[in-house]
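Q: One line per chain: the protein sequences are A and B, in this order. Going by UniProt numbering, the first residue of the first sequence is number 1, and it counts up by one from there. Going by UniProt numbering, the first residue of the second sequence is number 1, and it counts up by one from there.
There may be inaccurate statements among the hints.
[Stated by the list, open to error] Here's a subset of chain A near chain B, in silico, CB distances under 10 Å, partners left out:
#1 S4
#2 L6
#3 K19
#4 P66
#5 D119
#6 N151
#7 Q214
#8 L218
#9 N221
#10 F249
#11 S251
#12 E255
#13 Q256
#14 I267
#15 F271
[To be verified] 20 Å max Cα-Cα, derived SDA-like pairs, lysine to any residue:
#16 K230/A x K76/A
#17 K89/B x A65/A
#18 K84/A x L242/A
#19 K114/B x G12/A
#20 K179/A x E315/B
#21 K82/B x H16/A
#22 K165/A x Q322/B
#23 K182/A x Q170/A
#24 K554/B x N148/B
#25 K46/B x D146/A
#26 K179/A x Q322/B
#27 K261/B x T258/A
#28 K328/B x L259/A
#29 K133/B x K76/A
#30 K76/A x L242/A
#31 K76/A x N47/B
#32 K89/B x D146/A
#33 K150/A x Q45/B
#34 K82/B x L259/A
#35 K133/B x T258/A
#36 K388/B x R558/B
#37 K256/B x E268/A
#38 K46/B x T77/A
#39 K329/B x R184/A
#40 K165/A x F324/B
Quick caveat, the hints were computed from the structure, so don't treat them as lab data. Think of the CB as a built atom: it goes at the ideal place given N, C-alpha and C, for glycine as much as any other residue.
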Amino acid sequence: MKKSILCRDLTGRYHHIRKSYFSTSLGEDDDGIELNYYTPSSNLKNGALTDEEQGNDDQFDSNSAPLWYKVLTNVKTDIDSIKKFMEQLSQMHKQHCTFSVKKSNNFAEEEREIEILTDDIKRLFVRSKQFIERIVLPAKPTSQEDIIKKNTKSALVMELNELSKAFREQQQDYLQKLKALKQRRQNVMIYKDNGSGAETLEQKQFDPGFTDEQIKMLIDNEMENIRRDKELREILTSIVELNELFKEFSSLVVEQGTLLDRIDRNIEATFEHVSQGNKELEQSEKYQKCGAMALAILILGVVLLLAIIALVLKFVITFAVPF
Amino acid sequence: MNVAKSINEYILDMVDSVSGVKVLILDEFTVNIISVVTPFSSIMQKNVFLVDVLQNEARQSLKNMRAIVFVRPTNGNVELLKAELVNPKYQSYNIYFSNVISQHLLEKLASSDKHELVKNVFEYFTDYLAVDKSIFSLNISSTASILNNSWDDIAFRRIIDGLSSSLISLKKRPIIRFQQSSDICKKIATELGEKISTNSHDNGIFDFKMDYETRYHTKAPPQPIVLIIDRRDDPVTPLLMQWTYQAMIHELIGLKNNVIKYPSTKREEVFSAQYDEFYSNNMYENWGDLCKNVKQVVEVFQENHNMKESIQTIEDLANFMQNFPSFKKQQQETEKHVTMVTELRSIVAKRKLLDVSEVEQEIVCGKNHNKNFEALKDILSRETTSEKDALRLVILYALRYEDNIDNIRTLKTILRRNGVEDIGLIDNAIEHGGKAKRTKGLFDEEPTSISFKELFKKVANEFKDQEVLNVFTQHKPRLYDTLDQLFKGKLSLTDYPFMGLTSREVPQEVIVFIVGGITYEEASTVDSLNQLDDNFKSVILGGTCIVNSTTYLKELKRMYEKD
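Just chain A, with the same shape it has in the complex (with noise of 0.2 Å):
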């Protein structure tokens, strides 16, 4: 879908108006501006922008970036990753569940492939989650850099949460699609018990219990059945370790609509937090001068002192010494 709102474009124009100030070599491209023109916003991208889309990935030099830049480059790649997996598993879960008799070959393999994939985003979350630990927030921020380590923390946050919300939706509803399907296995099973029944009525006159055939099928229906359970109970703790891992983080999750979440609001609280804090740590810092000079009053105090001693000492050696 095309974005389509109304702007107009003045870069052409400033940036002429921009060289004719500075620039010594004066009218070669007249032409060259285009005055006034609306331009639906998707032109942006090919117009004015590109030099800035080239020069994008040095806003900050490879080693001198500061770490929550990392952890964010990081950790957005890795979200990127869990959402193209995500698509993978959600059409693997599609085909596995799609109920077919034939297919009961594939269906260990499929299963085994879904538990790899599952466990990848599974690592995926932890190693976010793990990055996103390393930025680590002063008690109380003191600079604007501060404020955008804890925002930057708290959009990966959100994000991980959102995606980790609509993943674990997915797995229960992989759970319930699961479930339904076992049932229908189970149904069909019993279909057939009674169907090789039918058959052999003749035989079964002959001997009144299974045969080797039955009885291996009774055997391994039921241990599909304990093996499926297992499954089952794996994917619940799954989805309960998952709501567990970014609980840690839940202060710098913003609810939607809140005071919290109005920009006017955060302006106002960046503002009050980095004066406040700029504000104790001048007093910290006149505290740390004041002690030295305590000190230095305390050191002082202490060397007159020993004179003094010393003096009362001398006066009374020396009226002493006579006697």
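Go by the hints and put chain B onto chain A.
A: Below, chain B without anything else, positioned relative to chain A:
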């Protein structure tokens, strides 16, 4: 047409079109534009990690961040930007003006950009506050000087800029109609008409392809209409006690950019339909139904709450966890609205507003003058009636029975005896919004030759009213009738003439702009019209501000103080 959606699109486009990690720099007006429509969390997802205002001198230098500057194209902002470019704090600047910037200011800006820090300059037409889907405000604190004919060029320009940017953002190039009896409406209509008719060679900003939501495929849909009205056309609505949720909040507590502050606890809370389902469903609901709905929500919530105790298996736990976030949200929502309704209820009880409102509605809509006059005198003499309500009541009476000078004098004496201040406002109100100033027909005072059909309609209406029998909501704002007639193609051409182009077509899309402020009762009227899915009929209501009785009376006072 949806103003909140348009503005939000602009904002998201803005933060999206600059790559990398970003700082968003606003001014004191654009802060509000963005705050009412776009939550912080959604721009954070686009890597905007810091928001600040241009005026803040304590901004720290962040050399690696790219700045998105979204400000109004004012001289003051350009001066600040100039200083910033000489002494840059960020890596680069992408500038988005909320309206047309003059060549002169653009040159001024470019002249100090020696280091070529400005990468882009755009005009994004967002110079107004989209308070809700179909409601916008320009947040002009006072239009007293404009309405009072002592000229205020700054406010006038603000109106033209705000109104034209709202039309452009909606992609409408409308035909203009205005209230004939108001000078200011005529001036606005003239100025706007010139803007619209100027074509692209002369710097015209209305030279674009219009956007229609329509079912018509064969023929062009009717032209949209912008209707410019003066608050004086209906001076009654802002003075009446309102009984719909949003209007009550504004009247009794006060909404400011969709945020309220409880007077008792100083606690603030957001009341916006955007992320609050209950509010979105109930903001236009009347008091009785609202209380019922709040009770219902509480019951549903308690039911869900009890489910929490029955977790036994791991399956239950997984289910519970899945539902927990929405459960928590529901809890917060319920709490918020229960608190608000409790607060409103206590104010209504304390000021005996049900009694007051009954008298009010009778004065405005009733037919029996003598009975109303007695009821009014009675309620004025009660101790429970607050001074503010008493004044409101007498002003309403004076507006309706302007010629009954003796009675008005009697009422003034009663007020004076009760120690009510600002009695002069009664005369101000008549001078400001009396018969001479408004378009005829506000109280059906001069029935100019009632046709048989109209008479029939009136009788039918009276029967209907008896069925509804809600004494507190008899009054309908004048806007209701005006829009009704407009959509029927019957709005008087002498009272509300065209400016420039005319059209005989019945309109489909209407943008109403009220100079002097809109009320939430009118918002509710517009909403109920928009709810009808009637041939893509769609109305946007905008005004210089959003008034309640307190701010309206203050404005009235200011208007005559300056003399």
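Q: Taking the hints in turn, state whether each one holds.
A: Each hint tested on the structure:
no., hint, verdict
1, S4, "8 Å, holds"
2, L6, "6 Å, holds"
3, K19, "9 Å, holds"
4, P66, "8 Å, holds"
5, D119, "18 Å, violated"
6, N151, "4 Å, holds"
7, Q214, "33 Å, violated"
8, L218, "27 Å, violated"
9, N221, "23 Å, violated"
10, F249, "14 Å, violated"
11, S251, "14 Å, violated"
12, E255, "7 Å, holds"
13, Q256, "5 Å, holds"
14, I267, "5 Å, holds"
15, F271, "7 Å, holds"
16, K230/A x K76/A, "34 Å, violated"
17, K89/B x A65/A, "18 Å, holds"
18, K84/A x L242/A, "18 Å, holds"
19, K114/B x G12/A, "16 Å, holds"
20, K179/A x E315/B, "13 Å, holds"
21, K82/B x H16/A, "17 Å, holds"
22, K165/A x Q322/B, "8 Å, holds"
23, K182/A x Q170/A, "18 Å, holds"
24, K554/B x N148/B, "14 Å, holds"
25, K46/B x D146/A, "19 Å, holds"
26, K179/A x Q322/B, "18 Å, holds"
27, K261/B x T258/A, "14 Å, holds"
28, K328/B x L259/A, "16 Å, holds"
29, K133/B x K76/A, "33 Å, violated"
30, K76/A x L242/A, "19 Å, holds"
31, K76/A x N47/B, "11 Å, holds"
32, K89/B x D146/A, "16 Å, holds"
33, K150/A x Q45/B, "13 Å, holds"
34, K82/B x L259/A, "33 Å, violated"
35, K133/B x T258/A, "19 Å, holds"
36, K388/B x R558/B, "17 Å, holds"
37, K256/B x E268/A, "16 Å, holds"
38, K46/B x T77/A, "14 Å, holds"
39, K329/B x R184/A, "38 Å, violated"
40, K165/A x F324/B, "11 Å, holds"
Figure legend: structure checked against the earlier numbered hints; hints not met, in rising order: 5, 7, 8, 9, 10, 11, 16, 29, 34 and 39.
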